[in-house]
Amino acid sequence: MSVMPKRPPFDVELEAVLALLGDEIPSTVTPDMLDSLRIDQASLPIAEIIANRPIAHSERVIPGPDGQPDLVVSIFTRTDHVEGGPGFYHIHGGGMIMGDRHKGIDVVLEWVELMDAVAVSVEYRLAPEHPDPAPVEDCYAGLVWTAENADELGFDARRLMIVGGSAGGGLAAGVALMARDRGTPALVGQVLIYPMLDDRNATVSSYQIDGEGVWDRRSNDTGWDALLGDRRKTDRVSIYASPSRATDLSGLPPTFIEVGTTEVFRDEDVAYASGIWAVGGQAELHVWPGGFHGFDLTAPQAALSVIARETRTRWVRRTLGV
Amino acid sequence: MQELVGRLTALDPEASESLKVIAYFDVLVNGHASMEVLLRGAAVLGGCPAGFATDRIVASVDAHGKRLPTVDAPESGRWMEHAVPGGARAWMEREGPQHANDEMILERLAIALGIMLERSAPQAAIRKAVETVIDFEESPENRRTAASRLRLDPLGRFVVIAEPASSPSAHGHNTVVVTPAGAVRAVITAESERAPGSRAGVGVAVHSDELDRSWATALTALRLTSDREPVVWADDLGGLILLMDAAEARGADHADLAALRAAIDGSPRALSVLEAVIHTDSLRAAATEAGLHHSTIQARVAELSSTLGFDVRTAAGRTRLAIALSLYRLVTNRFS
Chain V
56 MSVMPKRPPF DVELEAVLAL LGDEIPSTVT PDMLDSLRID QASLPIAEII
106 ANRPIAHSER VIPGPDGQPD LVVSIFTRTD HVEGGPGFYH IHGGGMIMGD
156 RHKGIDVVLE WVELMDAVAV SVEYRLAPEH PDPAPVEDCY AGLVWTAENA
206 DELGFDARRL MIVGGSAGGG LAAGVALMAR DRGTPALVGQ VLIYPMLDDR
256 NATVSSYQID GEGVWDRRSN DTGWDALLGD RRKTDRVSIY ASPSRATDLS
306 GLPPTFIEVG TTEVFRDEDV AYASGIWAVG GQAELHVWPG GFHGFDLTAP
356 QAALSVIARE TRTRWVRRTL GV
Chain Y
291 MQELVGRLTA LDPEASESLK VIAYFDVLVN GHASMEVLLR GAAVLGGCPA
341 GFATDRIVAS VDAHGKRLPT VDAPESGRWM EHAVPGGARA WMEREGPQHA
391 NDEMILERLA IALGIMLERS APQAAIRKAV ETVIDFEESP ENRRTAASRL
441 RLDPLGRFVV IAEPASSPSA HGHNTVVVTP AGAVRAVITA ESERAPGSRA
491 GVGVAVHSDE LDRSWATALT ALRLTSDREP VVWADDLGGL ILLMDAAEAR
541 GADHADLAAL RAAIDGSPRA LSVLEAVIHT DSLRAAATEA GLHHSTIQAR
591 VAELSSTLGF DVRTAAGRTR LAIALSLYRL VTNRFS
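So the protein sequences, as listed, match chains V and Y. Residue numbers for the first sequence follow the numbering used here, beginning at 56 and rising by one. Residue numbers for the second sequence follow the numbering used here, beginning at 291 and rising by one.
None of these hints come from the bench; they were simulated from the model. You may find that some hints are simply not true.
[Claimed, not checked] Partial list, computed: chain Y residues near chain V (C-beta under 10 Å):
1. 311
2. 321
3. 333
[Stated by the list, open to error] In silico negatives: residues of chain Y with every beta carbon more than 12 Å from chain V:
4. 320
5. 331
6. 347
7. 353
8. 355
9. 426
10. 438
11. 585
12. 601
13. 613
14. 621
15. 623
[Said to hold, decoys possible] Calculated lysine to any residue pairs in the SDA-like style (CA-CA distance at most 20 Å, straight line):
16. Y:356 x V:364
17. Y:356 x V:358
18. V:288 x V:185
19. Y:356 x V:288
20. Y:356 x V:362
21. Y:418 x Y:408
Heads up, the beta-carbon is just placed ideally off N, CA and C, and yes, glycines get one too.
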């Protein structure tokens, strides 16, 4: 594209938060920034995250993919948990190159508390040290373990939902496609929060966010390059690594997709929903006006963030019947 | 945003964090953020509830920025507070010792709310400022603030012009005020630019801190206008203005006024004859002025003197009559 199209405006409250946080959240992530970003953006200790909440946390080491290292998962339940409620399998975000299993965990912790659900969050291997297919296969292995151990973990295996944000949303979409194609496990729904779906990075929205906002075009290049190396943008990329490549989105569980108008993922996320409807599937799509990437986690009290969170939770409850 | 609070409370207000607070509110103001969004910003940055009250509304949010069902504004002084231009106030409900950035946040909130108020009703804000600045009962400080909102040069000389409210809306900041003479428009103009309309009272020239005095004189002057003299300049009234102020204060109750009213009510031409008498130097000139024959006017004047109880042909009588006529106009002129 010779002329970059103008981006939609940011929501005023969100724009003010960006002005305030400015240097803390870089718009452009380049490979040389990775080491310090991994340290700066490490999650708070889990004890602090769940402090003052009626939530219990435990960790397990579980088998990874065949021939691959074991995985660590975190398990969250209410302290007064009663078995038989829904289960959430959570995959964290961080552009495929950063983050840990506690990043963004507030999203499912709210549901654990509200619905007496069980949440499992997986520590998958990150790129560039571990390129595709390591991350998505790790995530799939974690899902299989979770489904197989539903009884022990204390949730109803028929009400297992997969959820992820950003790279976690992309991996969740990839894992849902794997679950469909490999025949197991059954998922009752997938919640894809501003998912990172398309390694080609060639949509209009991917050009609109450059040098401002959060996770701009060049950051996206950094993440996808790390994950795919030279295979990127070629036909040697699987639909599990880059779900936007899938031409057939039939056979997927009911899907919730949300994204902001003012982030790179807008167009590929909208296209993914359209792809599901094109084959008669069920999807609910929300495009939040003025939202930057990750706005609800960065500015949780902003009016738009409150609405986004409530809308997502309502869909989850409706879908689960709780 | 919870993390924001933590970062700000730990830090030195001198540092770049204050700039960030300023940047935060600047973005909100530029984006025309609503009152609730502004309050939410302050509450979340400060980590405590924040609120705002004008003479018409009260609103507050909790420390998470969620709107509270407020009914009454807290007493002034209960919480740390900041005035908002336009007669409003904003506060932060900080329990315990103040945090380093509280003052900065509150100040920026107040500025932002003031701009929001002005934007949401710019005409109303101007009118309110004019009302304040001409009101002798307002404190000098409030009048000073209102004058600066109207961007009146503190070294400049100004004149207030009083016109009927129905007159076409003026040049210059103005507002309509309810007065004992009905609805009157007060227009503030620079001394060099005063351009009264077709029916007006022009006040004395003053600095911006005495606009209440200029207005008072303008109103008196307007109340003394007539069809024959539709524009009256307070400067030209001389000591008459003191008499009019005294009359207003004491109820304008005088035998001459009662007699004059009786005379005017008794005869349709009485007023024009009496005005002709005081505006001319001789009965002959008065006759011409009133459009009457010389002998007719002599007869009329004699009758009227009898009714009034004094001889209007003498110099003293004419002065007394002029004062009576002024009182008459003062009490009967009505504007809308």
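Against the structure, the hints:
1. For residue 311 (chain Y), the suggested interface contact is upheld, since its CB lies about 7 Å from the closest CB of chain V, less than 10 Å.
2. Look at residue 321 (chain Y): its Cβ gets to within about 3 Å of chain V, closer than 10 Å, so that hint holds up.
3. The beta carbon of residue 333 (chain Y) is positioned within 10 Å of a beta carbon in chain V (closest approach about 8 Å), and the interface hint is therefore held.
4. Its closest Cβ contact with chain V, about 8 Å, brings residue 320 (chain Y) to no more than 12 Å, contrary to its assignment away from the interface.
5. Listed as a non-interface residue, residue 331 (chain Y) fails to keep its Cβ farther than 12 Å from every Cβ of chain V; the least gap is roughly 6 Å.
6. The beta carbon of residue 347 (chain Y) sits about 19 Å from the closest Cβ of chain V, which is more than 12 Å, so the claim that it is off the interface holds.
7. Distance check for residue 353 (chain Y) against chain V: the nearest CB is about 9 Å away, which does not clear 12 Å, and the non-interface claim fails.
8. With a minimum CB-CB distance of about 4 Å to chain V, residue 355 (chain Y) fails to clear the 12 Å threshold, and the non-interface call is violated.
9. Remark: the non-interface label on residue 426 (chain Y) is consistent with the geometry, its nearest Cβ contact in chain V lying 42 Å away (cut-off 12 Å).
10. Residue 438 (chain Y), annotated as away from the interface, keeps every beta carbon of chain V farther than 12 Å; the closest lies near 28 Å.
11. With a least beta-carbon separation of about 83 Å from chain V, residue 585 (chain Y) lies farther than 12 Å from that chain, consistent with its non-interface assignment.
12. Taking the minimum C-beta to C-beta distance to chain V, about 78 Å, the non-interface status of residue 601 (chain Y) holds against the 12 Å cut.
13. Against chain V, the non-interface label of residue 613 (chain Y) holds: every CB pair exceeds 12 Å, the least being about 64 Å.
14. The beta carbon of residue 621 (chain Y) is kept farther than 12 Å from every beta carbon of chain V, the shortest such distance being approximately 56 Å.
15. The non-interface label for residue 623 (chain Y) is consistent with chain V: the shortest C-beta to C-beta separation is roughly 52 Å, beyond 12 Å.
16. A hinted pair counts as satisfied when its Cα atoms are at most 20 Å apart, and residue 356 (chain Y) with residue 364 (chain V) qualifies at roughly 15 Å.
17. At roughly 9 Å between alpha-carbon atoms, residue 356 (chain Y) and residue 358 (chain V) fall within 20 Å of each other, so this suggested pair holds.
18. Distance restraint check for residue 288 (chain V) and residue 185 (chain V): the Cα-Cα separation of roughly 19 Å lies within the 20 Å cut-off, and the hinted pair is therefore satisfied.
19. For a cut-off of 20 Å, the pair hint linking residue 356 (chain Y) to residue 288 (chain V) is broken: about 45 Å separates their Cα positions.
20. Restraint check for residue 356 (chain Y) and residue 362 (chain V): satisfied, since their Cα atoms lie roughly 12 Å apart, inside the 20 Å limit.
21. Restraint check for residue 418 (chain Y) and residue 408 (chain Y): satisfied, since their Cα atoms lie roughly 11 Å apart, inside the 20 Å limit.
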